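Trainee: Here are the chains, one letter per residue:
4 protein chains.
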Amino acid sequence: MSLIKNSVNTIHDCDGCILSDNIYRFEKLFKLCVLFLDSPNMSKKLLLLDVDCGVDDAQAIMLALAAPNVEILGITCVQGNTSVENVCKNVLRVLQVCNKLEIPVFKGASKPILGHEILGANFHGLDGLGDAPDPNAPSADMIQKEGAVSAMIRIINEHPGQVSLVATAPLTNLALAVRMDPSLPSKLKGLYIMGGNTESRGNTTVCGEFNFAADPEAAYIVLNDYQCPIYLACWEFTCYNKLSWEFCDQWLAQDSDKARFMTRIFKHSLDISKTERFEKEFIDGTGLISCDSYAVAAAIDDTFILETDQFPVSVELTGTHTRGMMVVDTVGVMNKTQKAFIMKKVNLEMFKQMMMAALK
Amino acid sequence: MSLIKNSVNTIHDCDGCILSDNIYRFEKLFKLCVLFLDSPNMSKKLLLLDVDCGVDDAQAIMLALAAPNVEILGITCVQGNTSVENVCKNVLRVLQVCNKLEIPVFKGASKPILGHEILGANFHGLDGLGDAPDPNAPSADMIQKEGAVSAMIRIINEHPGQVSLVATAPLTNLALAVRMDPSLPSKLKGLYIMGGNTESRGNTTVCGEFNFAADPEAAYIVLNDYQCPIYLACWEFTCYNKLSWEFCDQWLAQDSDKARFMTRIFKHSLDISKTERFEKEFIDGTGLISCDSYAVAAAIDDTFILETDQFPVSVELTGTHTRGMMVVDTVGVMNKTQKAFIMKKVNLEMFKQMMMAALK
Amino acid sequence: MSLIKNSVNTIHDCDGCILSDNIYRFEKLFKLCVLFLDSPNMSKKLLLLDVDCGVDDAQAIMLALAAPNVEILGITCVQGNTSVENVCKNVLRVLQVCNKLEIPVFKGASKPILGHEILGANFHGLDGLGDAPDPNAPSADMIQKEGAVSAMIRIINEHPGQVSLVATAPLTNLALAVRMDPSLPSKLKGLYIMGGNTESRGNTTVCGEFNFAADPEAAYIVLNDYQCPIYLACWEFTCYNKLSWEFCDQWLAQDSDKARFMTRIFKHSLDISKTERFEKEFIDGTGLISCDSYAVAAAIDDTFILETDQFPVSVELTGTHTRGMMVVDTVGVMNKTQKAFIMKKVNLEMFKQMMMAALK
Amino acid sequence: MSLIKNSVNTIHDCDGCILSDNIYRFEKLFKLCVLFLDSPNMSKKLLLLDVDCGVDDAQAIMLALAAPNVEILGITCVQGNTSVENVCKNVLRVLQVCNKLEIPVFKGASKPILGHEILGANFHGLDGLGDAPDPNAPSADMIQKEGAVSAMIRIINEHPGQVSLVATAPLTNLALAVRMDPSLPSKLKGLYIMGGNTESRGNTTVCGEFNFAADPEAAYIVLNDYQCPIYLACWEFTCYNKLSWEFCDQWLAQDSDKARFMTRIFKHSLDISKTERFEKEFIDGTGLISCDSYAVAAAIDDTFILETDQFPVSVELTGTHTRGMMVVDTVGVMNKTQKAFIMKKVNLEMFKQMMMAALK
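Heads up: the sequence lines are chains A, B, C and D, in that order.
The working numbering applies: residue 1156 is where the first sequence begins, and numbers increase by one.
The working numbering applies: residue 1156 is where the second sequence begins, and numbers increase by one.
The working numbering applies: residue 1156 is where the third sequence begins, and numbers increase by one.
The working numbering applies: residue 1156 is where the fourth sequence begins, and numbers increase by one.
Heads up, a few of these hints could be off.
Claimed, not checked - Restricting the straight-line Cα-Cα distance to at most 30 Å, the calculated cross-link-like pairs of lysine-lysine (DSSO-like) are: (1) Lys1491(A) to Lys1429(C); (2) Lys1397(C) to Lys1500(A); (3) Lys1435(B) to Lys1500(D); (4) Lys1499(A) to Lys1397(A); (5) Lys1413(C) to Lys1515(C); (6) Lys1397(A) to Lys1499(C).
No lab work stands behind these hints: they were computed from the structure.
The structure presented is a predicted model; accordingly, all values stated were derived computationally and were not measured.
Using the sequences plus the hints, can you model the full thing?
Mentor: Next comes the structure, spelled out in structure tokens:
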């Protein structure tokens, strides 16, 4: 009963105006019901991934692909770790090694909102995947003709209230989408973001985490305009929840094409992770920080998150040292009602299993 | 010959990739030629108007509608003087009084890029057209289903190199369009903007002109990413080129439905124009400042502009008092090659004739 | 030997030019030696306190007054918790209850560098000392005629290399002093500051600690221009090292005039500390946060600090949400060689003893 | 009668407290009267000059020295066109050539408020006076021991209500002085500043004039805290009132040591004035811009200024392109009552005579 009521509301929201025509309303509801009954896995999680496919995004995508009861409706690409052209190609390579080239890949923004590209974004190599040669990479022809922002709007509108959007990249596509369709956030089931920081520990600028610092305006727009549940896997959280190098060795040592692929593309980042510069960044000791994977894991399984902080959040846009830093209103001086769920404690055993499965 | 060569390049740009298929290339070129021959007025100016239809936009639209040899391909709407819903309605009312309801009207952004609405934007009344009642206003059904940004991209791509885009509003739609299609500016014939200021004389904030101050990020994106000829009718320029109250009286006194319509919608702004607050704003004496009309006039007739300053320009995004102020690099310390054409002297006789014709 | 050599250097620095006159040099050195021999406690710590005497400063001053082997050369006052006039009066009241009215009190800046007073600075009551009536307060005549900044410069120059400056207030006086005498920092033994934050947990603005947020420019100038050892007791550190309410009860229950005085002036802050707003601020549970006392304790006893982080630090001046936030360059992207000593772990047993002694 | 009343008020202000002791009041008044009667030129203008002695300051100082009925109480130096050490030396050289070495010279701030030195400040040569060798320059010993800020406070307090302060440099000394003695501005007769701009035409940064851009915080403090009549000779004003090159030739061709000195030190700036970069800066044609001299001329003769704009003014501190730009509140949106007198039209004939006299 509550489901049906909800669906009606969703139709209503979706059209943005009061439907006076009851027949039309009934017809739409009926279609939704058919959709439900038609689906063999009624409980399947519908995921839409927005990535700037570096090695960490690759890990996160592979984790999603390996998860049971998950349907990935599409992967939208955006500039970040590397150019958007490389990002598209990288996603196709990941889908190829996982035999999932049927998942549609969409090309999105080639620049952040203001147009300034961030320097030194090549932690994962110039091509984003460790500059490991790949002679059999899928052709760029496989990228959809439809743009990422349009696709995002279309897909979410086709599944109102059902899609979990996972963003592991600068939030440019999401910001553009909400300006093109202001009602979009209300149609999401939830938004899972890897990005931002909570203790002003920068990994890119003095105080800024990469995904937010790479497009502060986009992050600002998303945190302020996505009026849906927002779950944040922030930089410090991912550092405090890093996995051991022993786990990493085991993980990569699996006898599979996926593991061999990961070993190849991960080499570059692993090597520089062990330099002094990055050891400083990786707060609280070193280890494997598959940062994007936490956001995907949270979207896949509701029981993954064990504890969250709930605070209003925003992004600093104008600071000399703090531009792009996430701002957490712990005391309540910003005048904001929406609170984000900031991940604090997660089920690391579950995480390790998901990670292992990703390369199996 | 140079035309054909140009067209080929345009096709190339338009698709964003090298066309290996010569047949396809030929086909497109052929279509373009047919388009040319088909057109009875080869020299017709193709205009696309982006407005936040207050009274000044209404004047500018009417000026364009009255001009010979001009085809208005569409009018895109954006929030600014009033809500985007009101803007759409206002444009339809203007088209109705001019018997041009066949021109398609598109609804665009309902918020500026960052989402902050500017306060006190009701110079032209709450509804943007002087709050003059209009029982016979066209229905909102007449607004196109296609969104303004999509339409803008589509229309410009359909007429590569031919469209003059005239923006007399906050530049939100234009900014979104270039992020959705980075090659868009290269396909424009020219961009004509009413907005910005050159001498830090604010009409909205201390140093900021309304259209820029209402969406500084959009203005910044447009001035930095539209790599096509940009012509600016800035606030001080429009003040220095105001028309006399005598002209205004004559203009409104014409015996036509259009003049009576204008008299009705203009009453509110005219009244408050004469208050002390606005006399201060209207630099250099008072009079009729039909600010948006200068940008349209320049787009319609190449001989309208008599003198320009040519400098790199940008927009201040972070100042306490100067956020939204246009920045003119007179000395050459910004590292920027593109120079905007800042209108300095125009043919005011021609302008008066165009204005008179608009209400005939 | 090294002492004498050091003294010579100090003379040299102090005059800012090479002393060619050996006799003059010898004379000065001789005077220094006499000073040393004359002093019964050669190891006495020379302290100069800069305060905005709210209740927390009062606690810190009393802790210093009770410490053996400490000589307080003067107390300079600055606007902060309350007006500089109130601050002066409050310091005199504290000195009175401790029978130390012989310590000179100097009036300093009545405004922060830019002149903006911060709102809601009355955590400690309007008068800074809990608005507890005091009919026998010392007269304002007891304030020195010499201004705080002049006195600071004079006193430090009279004891080159020997003075530990402890600042538990907005850093306005210190900032002015270094602009008046650029060589001042090089003559300090050390600078101990209560202020700033390390994890962007604000107690005044979203991300800013009171003493820094109340005069961001001053904090910036001090952190960038005081080229002497700087020890920071930041807000989060003081929260993580709060004392229990049980200790607080014991502390205040001592049978002494000082304890009764503290009970009286502390009532107001204690009461509002227990409101929801402040419980949020006081990270990690509630308890007694005598924040200024940590800085004084560190200045008094070198063994008090057990562990520090050492990073370059600065202050954000331009952020919308982060203005006044201390910036810690953990990764090393700012181009700065000086590193501050950020207190991390201190001897809390020693602290409790010092605190108890303060009210004995 | 009104004079006496005023003097009493001045005493009152000067001490910052109500004088209950009538005898004391009478005594002070009597001293003032003696001071008046003692003076042979009761109408003498008392000037205090604050300079960063480049060539333009040299011209302004010489103009002041040549004026009848003017007494220069002192010249305070500050970093700007060159280091404060060079500035002091340059002032002494100017005084020497004018036989006025009896005027005391004080050394002030060696850094702007925040401590950032501005780049490319060597328009007047590295040493500020065109790098023209001067083997007979006066010794640095002639600089007063008292610092500039202390001297400024002392001198103004010695002549309450009588001193016209003329600042032709970054306003660091003035800003420090008002923080050291908040009542200082109320004791000034007037403040004359060369600095700032009114039309966002930069000569140093995109939108900033040198003296303000070199220390934006100081300019901000002075414009906001000097509650006395402020007269501004802004950059654009000095450009619009430049003198012809013909006048310049005549001026320098006078047969005097002063003219020969000026010819020597001015050569460097004159040469680079004629480069393209600087022709752009010098709005509205080229010519002699002795910018600092306008401020001195206005201080010397009340009839020099023919027309002013009167607006509240402030300084932008946080803009990317506009930091240091003067902000003129033409519309009245800042909430500020004090209005500065912005010079618009001056008596150029009088100016030429003063200029000629300066080198006679």
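Trainee: So, for every hint listed, does it hold in this structure?
Mentor: Hint check:
1. With a C-alpha separation of about 24 Å, the suggested pair Lys1491(A) and Lys1429(C) falls inside the 30 Å cut-off, and the hint holds.
2. Only pairs whose Cα atoms come within 30 Å are accepted, and Lys1397(C) paired with Lys1500(A) is accepted, the gap being roughly 25 Å.
3. For the proposed pair Lys1435(B) and Lys1500(D), the alpha carbon gap of about 20 Å is at most 30 Å, so the pair holds.
4. Among the hinted pairs, Lys1499(A) with Lys1397(A) is consistent with the structure: their alpha-carbon atoms are about 13 Å apart, no more than 30 Å.
5. A hinted pair counts as satisfied when its Cα atoms are at most 30 Å apart, and Lys1413(C) with Lys1515(C) qualifies at roughly 7 Å.
6. Simply put, Lys1397(A) and Lys1499(C) have alpha-carbon atoms about 23 Å apart, close enough for the 30 Å limit, and the pair holds.
Violation of the numbered hints given earlier is absent; every hint is satisfied by the structure.
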